[in-house]
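Enquirer: Sequence:
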Amino acid sequence: MRHSGSRHGWQLDATNVVTPLLSLITNVSMDHEQYLGTTLTEVSTEKAGIIKQGIPVVSGVANDDSGMVIRRTCDERKAPLFLFTREFNGSFSKENKKSWEYHGLDGQVLADLPMALRGNYQVANASLALAAVQLLRQQGWTVTEEQLSTGLQQTFWPGR
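Residue 66 in the working numbering sits at position 24 of the sequence shown, with consecutive numbering throughout.
Hints are computed from structural coordinates only; laboratory data are not their basis. Watch out, some of these pointers could steer you wrong.
Stated by the list, open to error - Using 20 Å as the maximum straight-line C-alpha spacing, the simulated DMTMM-like pairs for lysine to aspartate or glutamate come out as follows: (1) K136 / D154; (2) K140 / E187; (3) K140 / E188; (4) K94 / D117; (5) K139 / D154; (6) K94 / E84; (7) K94 / E118; (8) K140 / E129.
Taking the hints into account, I'd like the entire structure generated from these sequences.
Expert: See below:
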């Protein structure tokens, strides 16, 4: 059954319990339609509800209606936006699909990173995570290269 009226699925999102150090929105696709809406604009508007005033956002949204909504919301809330393929990027190594390369926010390049998961979208998701780590480091968090590598090696998706 479709929820009628204003959806505001983001109001029920667990991320709204605390004030975050940063927010992360992967890509926006048609999911949870019964709660979030029947168009990319409606879904992305709901997901944009987690964007807080002045809090950085790391995102992999496409250059479509969803990207427009996320960019506009970040502008309205003065939340710095760091976009995959614009400020940072990642790709599988040409010679070995079990490793990948990350081109970070500050021009840093990390090569031969382990990738336990398959699919180009997993490289995009891991790139979002590394960009988030870079921003957290700027806020004083300590995350070592060894911890990054271990996390990437041990990441798995049960049932996949």
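Enquirer: Now tell me if each hint is right for this structure.
Expert: Against the structure, the hints come out as follows:
1. K136 / D154: Within the cut-off at roughly 11 Å; holds.
2. K140 / E187: holds, 18 Å
3. K140 / E188: holds, 17 Å
4. K94 / D117: With a Cα-Cα distance of about 11 Å, the restraint between K94 and D117 holds, given a limit of 20 Å.
5. K139 / D154: holds, 10 Å
6. K94 / E84: holds, 18 Å
7. K94 / E118: holds, 10 Å
8. K140 / E129: violated, 24 Å
When the structure is compared with the earlier hints, a violation turns up for hint 8 alone.
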